[in-house]
Amino acid sequence: MAGPPLDTVLGPCVIRLTYYKVCHVYSAAPALLPVFRSEAQARILAALLLDPSREASIADLAGLGGIRPPNALREVNRLIGAGLLKDRRVGRTRLVSADVSSPYHQPLVQILARSFGPVLVIGDELAAVPGIEQALIFGSWATRFLGQPGPQPGDVDVLVIGAPPGRDLRRANARMEDALHIPVQITTVSSSEWAAAESGFLREVQTKPSITLDLTGSRQHR
Amino acid sequence: MTPARHTPLSKLAAGGHLEQVPVDSATCRELVHQARNHALTAVAAREIGDFEGAFQIAYDGCRKVCLALALAYGVRAKGDTGHHATTFNAAAATLSGNAAAATLSGNAAARDLVDDATDLRFVRAGSEYRAEKITLAAVNDAIDILGGLLAALPPVMDARLAK
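Chains as they are written, first to last, in numbering that gives the first Met the number 0: chain A, 0 to 221; chain B, 0 to 162.
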């Protein structure tokens, strides 16, 4: 049974977020891991370094970073200058991708996968599992990701709403942990349980900050 | 299949996750015997509605069959964090590139079963650390996986012990 729309359930507290469309201020250093120059830079690096086969235009990267294209262009030029990204032209379009030959590539992948990868990796993995209606990241990782300072999260809490096949979901869970090198704790509830929200756990998830994952598989099928 | 489960036995040992032990066929066969009993107990627990008990005993049966296979190869997981996962990984590693296993039981199918058993740890963790209820579907899955392992792995183990 389909529950009410997520926005209805969560009211004004919900912060809808996908990896390509964000509604947040990204000019400041990211609270999740404040070693990058800006949140936008970290998101652009995560999108490209965590998927080295990916090529993106400046406009795409601006969307990913939640910044204007001229700012994205400056970020990209800075990262190309540092040897972390490379570009090529196809007609009038400049396509940017990770430069895997950089000596900093692999260490950065590890840092980004742990700090910024979960939204991408978990969303992609869950998109491939049937029977999932909605999925969100909640708990301390979501709180840090959404900008609230605090201790580094030790795991990523994920709520799956629907009725996915157990083996498929567990296999996806294993792949997430292999990719991210951080425990991913998945809790599954039915859509009726989610709508009723009778448990303290679900009420807490619904009232605290969370990240709604993009389950369209757009990244896999682009 | 995840990269962790592609790790060869030699690399698991070199990484300090495994220790060498003398091969004792009686111990290996006793573990399989216990796992078969666990399968029966899990079914009985399921029948009375004790899903948490049924799952736990089925999971333990899966772990023991995999441990028996690893012990037949003279290795076992060191008793530190994650030793259950290491036991499953060791069993999967014995099946990878194992000609005898491929001949006897269908290498890939047996490895998939070990992977499925490994993934049961997520259900176990949810039950033990987050007090999540275990569903009948998860119990049925665990019992099915244990049944599959009991059919696939003992012949591989016996072939190894006969060498």
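Among the clues, some could well be false.
Stated by the list, open to error - With a cut-off of at most 25 Å between alpha-carbon atoms, the simulated DMTMM-like pairs for lysine to aspartate or glutamate come out as follows:
#1 B:162 to B:49
#2 B:77 to B:29
#3 B:132 to A:197
#4 B:132 to A:156
#5 B:77 to A:154
What the hints assert, rightly or not - With the C-beta cut set under 7 Å, the calculated list includes, among others, these residues of chain B facing chain A:
#6 48
#7 115
#8 121
#9 137
#10 140
The set of hints was computed from the structure by calculation and includes no laboratory data.
Heads up, the beta-carbon is just placed ideally off N, CA and C, and yes, glycines get one too.
Item to complete: Could you work out which earlier hints the structure fails to respect and list their numbers in ascending sequence?
Response: 1 and 6
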